[in-house]
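Use the sequences and the hints to build the structure in full.
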Amino acid sequence: MRRLICTIGLLSWLCTAHAQISITAADMPVPGDSLRYSNMNVFSALSLVGDGGENMTWNYDLSPVSQGMDTYKRPSQVSPFLALSLGNVNCYGYKVADSIPGLGLLLSGLTISDLYTFYNKENIPSCFAAEAFSAAIAGFPVGAAYTEPDVLYMFPLTYGREDSTGFELNMGAASFGSIMQKGYRKTRVDGWGTITTPYFTTPTPCIRVRSEIVEIDSVVLDSMAFGIPRTTVEYKWLVNGEHYPALFISTLSIAGFEVPLTARFRDKYRPELNTRVRNITVDKQDVFAYPNPASEGWVRFELPDAWTTNYYIEMFDAQGKSVMSAQNKRQFDVSMLPTGNYLVRITSGDATAYVKLLR
Numbered sequence: 083m084r085r086l087i088c089t090i091g092l093l094s095w096l097c098t099a100h101a102q103i104s105i106t107a108a109d110m111p112v113p114g115d116s117l118r119y120s121n122m123n124v125f126s127a128l129s130l131v132g133d134g135g136e137n138m139t140w141n142y143d144l145s146p147v148s149q150g151m152d153t154y155k156r157p158s159q160v161s162p163f164l165a166l167s168l169g170n171v172n173c174y175g176y177k178v179a180d181s182i183p184g185l186g187l188l189l190s191g192l193t194i195s196d197l198y199t200f201y202n203k204e205n206i207p208s209c210f211a212a213e214a215f216s217a218a219i220a221g222f223p224v225g226a227a228y229t230e231p232d233v234l235y236m237f238p239l240t241y242g243r244e245d246s247t248g249f250e251l252n253m254g255a256a257s258f259g260s261i262m263q264k265g266y267r268k269t270r271v272d273g274w275g276t277i278t279t280p281y282f283t284t285p286t287p288c289i290r291v292r293s294e295i296v297e298i299d300s301v302v303l304d305s306m307a308f309g310i311p312r313t314t315v316e317y318k319w320l321v322n323g324e325h326y327p328a329l330f331i332s333t334l335s336i337a338g339f340e341v342p343l344t345a346r347f348r349d350k351y352r353p354e355l356n357t358r359v360r361n362i363t364v365d366k367q368d369v370f371a372y373p374n375p376a377s378e379g380w381v382r383f384e385l386p387d388a389w390t391t392n393y394y395i396e397m398f399d400a401q402g403k404s405v406m407s408a409q410n411k412r413q414f415d416v417s418m419l420p421t422g423n424y425l426v427r428i429t430s431g432d433a434t435a436y437v438k439l440l441r
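So the working numbering is basically just the index in the sequence shown, starting at one, shifted up by 82.
Hint data in this document are derived by calculation from the structure and do not stem from the laboratory. Among the clues, some could well be false.
Calculated lysine-lysine pairs in the DSSO-like style (CA-CA distance at most 30 Å, straight line) [as the list claims (entries may be wrong)]: (1) 177 - 403; (2) 155 - 268; (3) 155 - 264; (4) 177 - 350; (5) 155 - 350; (6) 177 - 264; (7) 403 - 438; (8) 411 - 438; (9) 350 - 203; (10) 155 - 203; (11) 177 - 268; (12) 264 - 403; (13) 177 - 155; (14) 268 - 203; (15) 438 - 264; (16) 403 - 268; (17) 264 - 203; (18) 177 - 438; (19) 177 - 203.
This is the structure we're talking about:
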């Protein structure tokens, strides 16, 4: 009888250890959280995005190359001006980027820096959503609430759940310009199982959430408007109680192919990476095109040495339509493009630069 009881107890424990989990609002970040992560090589992570399914064993040997930390602040902690401009003072968020490198300088001599997204937990319906955004335009902090919040998760998150929500943001400052964002997010919990990483050293119950975000990001400065349509895909492996994904990968979807943008995982402090920075700061003189104007029918882009291994170049016309793109290629034949103004976006890891090109 004792052996039978022990056997039943062991079977019960095994079933519990590998049961599907549910993610709720209690598993989301809270104000004051400082959540450390390690970045990894984005191209080594691309093979992981197909790992959805049931009862998965996500056992990943991830190699950190740099570290960062997301610190969740109230708008008033970022700037007193934001407490006045943002009606929802209960929201909290972190700096999503130091700047939009070169974009303001190229278009009008202005800078756009210190970009924050602010989130909140809502009860009806139960969700976690981006509700406000702020940036320093020409050094002046400007904030705006989303006219339609970007809902990241609807709770409870369980395997197979699907949701689709729209979002819209319009933020501007008199005589400075404006930033606009509009699109929709489709989210599906496409996997469950256990995950093992350098941080989670034993198999930890986990679900995977896949979000496809279709949007148009527009910047208007000095009467010049550039709308950049894009589709990104986010993969997040979520565990209970951590407030941060065990693993996060984002990609840019182009004609059915996914180009990796970001790959990071929840991690502890690693002193050997202490001198590494999260984002690359690029002087606008380090990224340029020649000849510009490209009147001879070709153009070449010069990049910082740190970018020359893995980078992605995409060219947009004045209507925001992608007209040319390539990976790890710096010289382009533009003879077939109509004369006019083009915006070129160059991405390498977490860093992005923009170049204005005249054809």
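Hints, one by one, checked against the model:
1. Between residue 177 and residue 403, the direct Cα distance comes to roughly 28 Å. Compliance with the 30 Å bound is thereby established for this hinted pair.
2. Restraint check for residue 155 and residue 268: satisfied, since their Cα atoms lie roughly 27 Å apart, inside the 30 Å limit.
3. In summary, the hint linking residue 155 to residue 264 is supported, as the alpha carbons are separated by about 25 Å, within the 30 Å threshold.
4. Under the criterion of a C-alpha separation no larger than 30 Å, the hint pairing residue 177 with residue 350 is consistent with the structure, at around 20 Å.
5. About 21 Å separates the Cα atoms of residue 155 and residue 350, which keeps this hinted pair within 30 Å; it holds.
6. With a CA separation close to 20 Å, the supplied pair residue 177 and residue 264 stays within the 30 Å bound.
7. Of the pairs offered as hints, the one joining residue 403 and residue 438 holds, with about 15 Å between alpha carbons and a cut-off of 30 Å not exceeded.
8. With a CA separation close to 18 Å, the supplied pair residue 411 and residue 438 stays within the 30 Å bound.
9. Only pairs whose Cα atoms come within 30 Å are accepted, and residue 350 paired with residue 203 is accepted, the gap being roughly 26 Å.
10. For a cut-off of 30 Å, the pair hint linking residue 155 to residue 203 stands: about 14 Å separates their Cα positions.
11. Between residue 177 and residue 268 the CA atoms are separated by roughly 24 Å; this keeps the pair inside 30 Å, and the hint holds.
12. Using a Cα cut-off of 30 Å, the hinted pair residue 264 and residue 403 holds, with the two alpha carbons roughly 16 Å apart.
13. For a cut-off of 30 Å, the pair hint linking residue 177 to residue 155 stands: about 9 Å separates their Cα positions.
14. Between residue 268 and residue 203 the alpha-carbon distance is near 19 Å, which keeps this suggested pair within the 30 Å criterion.
15. For a cut-off of 30 Å, the pair hint linking residue 438 to residue 264 stands: about 23 Å separates their Cα positions.
16. Between residue 403 and residue 268, the direct Cα distance comes to roughly 23 Å. Compliance with the 30 Å bound is thereby established for this hinted pair.
17. Our distance criterion of 30 Å between C-alpha atoms is met by residue 264 and residue 203, whose separation comes to about 21 Å.
18. Restraint check: the Cα-Cα separation between residue 177 and residue 438 comes to about 26 Å, which is no more than 30 Å; the hinted pair holds.
19. The suggested pairing of residue 177 with residue 203 holds, with an alpha-carbon distance near 18 Å, which does not exceed 30 Å.
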